[in-house]
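Put chains B and C on the given structure of chain A with help from the hints.
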Amino acid sequence: MTDTATNMRLRLPITCFILEIILIILFGVLVEYDHDTDAKGHVNSTSPSHSDSHADSPADYENEFYYRYPSFQDVHVMIFIGFGFLMTFLQRYGFSSVGFNFLIAAFSLQWATLMQGFFHGMKEGKIHVGVLSMINADFCTGSVLISFGAVLGKTSPIQLLVMAVFEVTLFAVNEFILVTLLGTRDAGGSMTIHTFGAYFGLMVTRILYRPNLDKSKHKNCSVYHSDLFAMIGTLYLWMFWPSFNSAITEHGDPQHRTALNTYYSLAACTLSTYAMSALTAHDGKLDMVHIQNAALAGGVAAGTAGEMMLTPFGSMIVGFLAGIISVLGFKFLSPILEKKLKIQDTCGIHNLHGMPGVLGAIVGAVTSAVATSDVYGHGMEKVFPDVESGERTASYQGGIQAISLAITLGIALLGGLIVGFILKLPVFGAPSDAVCFEDSVYWEVPGESHEASHEDQLTTVRAEESERLNS
Amino acid sequence: MTDTATNMRLRLPITCFILEIILIILFGVLVEYDHDTDAKGHVNSTSPSHSDSHADSPADYENEFYYRYPSFQDVHVMIFIGFGFLMTFLQRYGFSSVGFNFLIAAFSLQWATLMQGFFHGMKEGKIHVGVLSMINADFCTGSVLISFGAVLGKTSPIQLLVMAVFEVTLFAVNEFILVTLLGTRDAGGSMTIHTFGAYFGLMVTRILYRPNLDKSKHKNCSVYHSDLFAMIGTLYLWMFWPSFNSAITEHGDPQHRTALNTYYSLAACTLSTYAMSALTAHDGKLDMVHIQNAALAGGVAAGTAGEMMLTPFGSMIVGFLAGIISVLGFKFLSPILEKKLKIQDTCGIHNLHGMPGVLGAIVGAVTSAVATSDVYGHGMEKVFPDVESGERTASYQGGIQAISLAITLGIALLGGLIVGFILKLPVFGAPSDAVCFEDSVYWEVPGESHEASHEDQLTTVRAEESERLNS
Amino acid sequence: MTDTATNMRLRLPITCFILEIILIILFGVLVEYDHDTDAKGHVNSTSPSHSDSHADSPADYENEFYYRYPSFQDVHVMIFIGFGFLMTFLQRYGFSSVGFNFLIAAFSLQWATLMQGFFHGMKEGKIHVGVLSMINADFCTGSVLISFGAVLGKTSPIQLLVMAVFEVTLFAVNEFILVTLLGTRDAGGSMTIHTFGAYFGLMVTRILYRPNLDKSKHKNCSVYHSDLFAMIGTLYLWMFWPSFNSAITEHGDPQHRTALNTYYSLAACTLSTYAMSALTAHDGKLDMVHIQNAALAGGVAAGTAGEMMLTPFGSMIVGFLAGIISVLGFKFLSPILEKKLKIQDTCGIHNLHGMPGVLGAIVGAVTSAVATSDVYGHGMEKVFPDVESGERTASYQGGIQAISLAITLGIALLGGLIVGFILKLPVFGAPSDAVCFEDSVYWEVPGESHEASHEDQLTTVRAEESERLNS
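Order-wise, the sequence lines are chains A, B and C. My numbering numbers the first residue of the first sequence as 305 and each following residue consecutively. My numbering numbers the first residue of the second sequence as 305 and each following residue consecutively. My numbering numbers the first residue of the third sequence as 305 and each following residue consecutively.
Isolated chain A (complex conformation) (with noise of 0.2 Å):
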């Protein structure tokens, strides 16, 4: 399958080699290692405690490497393996689900860690970089991953790499206002990953709405193996949750508390899901759509509150009420957003991390508001570090925590809106309706042996039986 309009001959490598160029550059200028990574942090030490290595100073034990490392690689294999696999469920849409996925992720965290290091305070001049960057970036390229779900099939990879340009930039602004401005409380990021990433891309596939899609619907489901791969990506998407909610947060018991909280309202939000499908779906049976997202809704509902005292009670009724909105999500409110908002979701991004997103954003308000320093002691210090110095009071940083919802919600419509129709300039070769969902418009595609066999051998079954009838 060959067109011009789709061709990537010339435009792949060019903006490939742009982008690249203009990062390694940008880098060259900008980023330094940080105080945990440099060469010339290292504290020389007299009394070498440890017999392997040389000179081995206790300072050496606490980098943060050793304390956050472990996470970030969690966090890694969610990314590439678990959104990238979560999406191969399509029938012929598997090497662009991995392999768009492996290009805009390696993309996104090379310009994220620009974007954020850019916003969240350069020193002297630089940004520095170590493991905290490295899981920030990740961080940041789950949420284009999350938009990249909605509009999967219906884009070019050229596109992908200009809504990546763009959702980074955003995202670090929205991220910037929250956390550094107004102090909110995200680490598992309900709101700046999951609710601006599902925003963000329902409005961007809003915009590029293609009314003749129906063209390729047969090929917008899944065959029997490809739903196998995508159990893949949902099963590591699930276990490592809780290292992602929890990578970022504070040393000690946040830390442990946040892994704790997601592990639980995962598991209630996995009982929830396959009730609901049950009652949902047709004759009683499960759906693999739900489980395969459904199931992880607990994970993105638990992002704000993980880290706070929800209690392994609150975090079980978080997720047991985000699975049952999600599987709702996909068999009442998707078939109308579809045909009333005319909203194309592919992966149902939206009762995925759109809905839970919001609940997790809600949640974590409501938990800030009632926080009190009898519950917390001195660990209030941590977890809420303005209310514990008392510049501010818990119910505030509620506030705090709703309104940061609306402005996520605000940023990730109104610039989805803007790169929706800056993707739709056709220059970046996006693929007819007819050819959607359709691998080799952009990959040489294996011819498949079996199948040519079968083929081969109808042929000659008809060819001999034409023989002897002409005979």
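Be aware that a few hints might be false.
Same chains, same names: a pair is fine if it fits in one copy or spans any two.
Unchecked claim - Pairs of lysine to any residue residues, derived as SDA-like cross-links and limited to a Cα-Cα distance of at most 25 Å, are as follows:
{"no.": "1", "residue 1": "Lys430", "residue 2": "Gly681"}
{"no.": "2", "residue 1": "Lys430", "residue 2": "Val679"}
{"no.": "3", "residue 1": "Lys344", "residue 2": "Gly681"}
{"no.": "4", "residue 1": "Lys635", "residue 2": "Ile318"}
If you are wondering where the hints come from, they were derived from the structure by calculation, not from laboratory data.
For chains B and C alone, coordinates are given in the frame of chain A:
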């Protein structure tokens, strides 16, 4: 495929909702954060030494989270990806293998937290949770998933949930008797997890014996790609088994040593598995069933003695024997168990978890009995605290270990017997003999577009030929 | 498919048993726990500070386990899942790719422990093992698996085991010369692992040249789902490469910095890979072979200089170039190597490990040569201890690095030459040209029920038509 007997429309939602609501209520009443997870536990530091964080105290860096959580995540992957995908080898039961595994694991880990917390000692009427309870709950869940392997393809999700309710409870009772009452050492669970899960599951499948299971025999086998999916499960179990066995051992050298011993046991086991597979299988060819399962027996067999001074040499011998036993079991014992004892063991858990678990228990008893302070030094207090304190001799400890195996077998078999009869109640919606090993009983299964097109083609060929002949 | 020449019934068991028994005996005689793994090393603490544990001493928390084991597990996943699944791209060689990878890795890591222990310095006649030896053994195994990639599809499991016996030995010799004798820095193994493994494997496949390999050409390609399986391998290698390169660097900033540099190198490499793939491939479409392999070249190329003060900027340039070189290699050099030099390189290891490995070695030599104490400060002692101590100058170190590359190439090529001829012995059961790239030579392959049923149907159609015609 629809059938009122197996229809889950109301039964599954009701079961899931009731179970989850009971869990939430009990968590609300009984569960609290432990010291390392609670914000109140935080100790204020007046001299922050770490630049990136608010007032970190040294205690924050000694939080149990940092010493257990990476192991927890490895165990978590084994439970959800490892067990889940190991069972996808069946050609038309992948959705159920991964999906039911997911459901019953998500339920079991919550229920296990309560049951284990209840038996392992509540403080002031509360169960305290943190990373250790998360690992222990995953361990208990592993036991349920082992039993699932025996009944795979022949049970409804409701039967599995009911089985989990009882099995988790009995697991906690057995674990309490062994670990708390008797002071048995079994860090990696050769007895508590593997032996228990295997013989419980074997007894359940014995009670659920289906004389006419031949009706679905053609589905009880693999296809090419389903075997590759299963290898994902196998390899994750294999790679992370060192983390599994060492996840709850004492800090320092015991945890380190357990991982090392398990690693050598598995490596040796893999070589004997390949050897035995080629030796016993048809035409000297390797059998995927052996590779997928028997190569893991080395991890099971190192479950008890792994934390002891088993030495790499000893570990390799144990793994080597485990691989041989396991392949021989698949080749010769399983058919006998099915014919003579009417035990239909879908995944061959007797060969992977049963016999290697018993082997591991015996190795553990012997290794305990010969422990000397010459070999253990001060480390004795971490591996055998009762021997170190002089409360018991090493040989007495060995005796206790042997008795523990007998107790485990007894509780597992008796428990399986009772639970098996409970599961026979027709209300649980078990599939009929003809539709065992078939996803479409409980799942919406996507139309196989390729298949369909082939059949269409065949129909077309037939029609065309008929036409020709008739004309 | 059965053939006495390739029958493994006796040959494989005998080989495996002999090798494993030798290993066990040598481990029994030579191997001991290291200080951090031995119970005797435990220091009793009189003031337990940690509530959950028996008498933890601060030393328990500084056990090497906690600072290396997460990296080890990431490396472990790369070895078994990464390499194993990367090679499943072949349509009918998935069992062998994953399965032989598993077998030779399990053997090699045991044998490597002995060989590396022997060369790296035994203490009191014993090899001491712990997490560092585990990582080093996995590294050496990686080298063998790289060579496996060159001969994939054309060798029996016995040939692979024999190759591993020799290659591991030569790897340890080369590593000893470089790291111990010359003081070469090569933490991520651009030279010791990638260059060595690649050129060794290329020479072996040259000696094993099959002029009539065209006979099995139709099997030497992928199908749709086999390419997706391969992407699992690719992504795990990509994600965990930062752990790989940093796994054995010094504690603190070097480990942190290495991970960071590798991460940037890989990200930049991914963008240049996509660009070059679209630019060079047919019709501007992306080629899965490039994405699966070339996107990883950035990790290889950062293997030597990763621990140095390469800066993010420098890392990105290195990765960017590695991706370009690698795709160009696949597109233009591989066909030439095959036609002119008779090197049949199944996986294109020259493009993924060979050239990028050499690039990494050169980058490392240059970066070493320009190292100044202005840039490194006190950190110099951890990265270049001989320069810090004044024993050698930076430019001398750079020279040593360059010489090390030459030595590595020499040993690899000479070793591959000799081992290639050994592998030609007919007793090892190599497959004939017509059945290369075919699992059924060495594996029980499940009947493809769908296939089967189609053929059945075809037979039926034929039979029916014949009957009609005859009647």
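Status of the hints after comparison with the structure:
no. : hint              : result
1   : Lys430 <-> Gly681 : between (37 Å within a copy, 19 Å between copies)
2   : Lys430 <-> Val679 : between (40 Å within a copy, 16 Å between copies)
3   : Lys344 <-> Gly681 : between (38 Å within a copy, 4 Å between copies)
4   : Lys635 <-> Ile318 : between (42 Å within a copy, 19 Å between copies)
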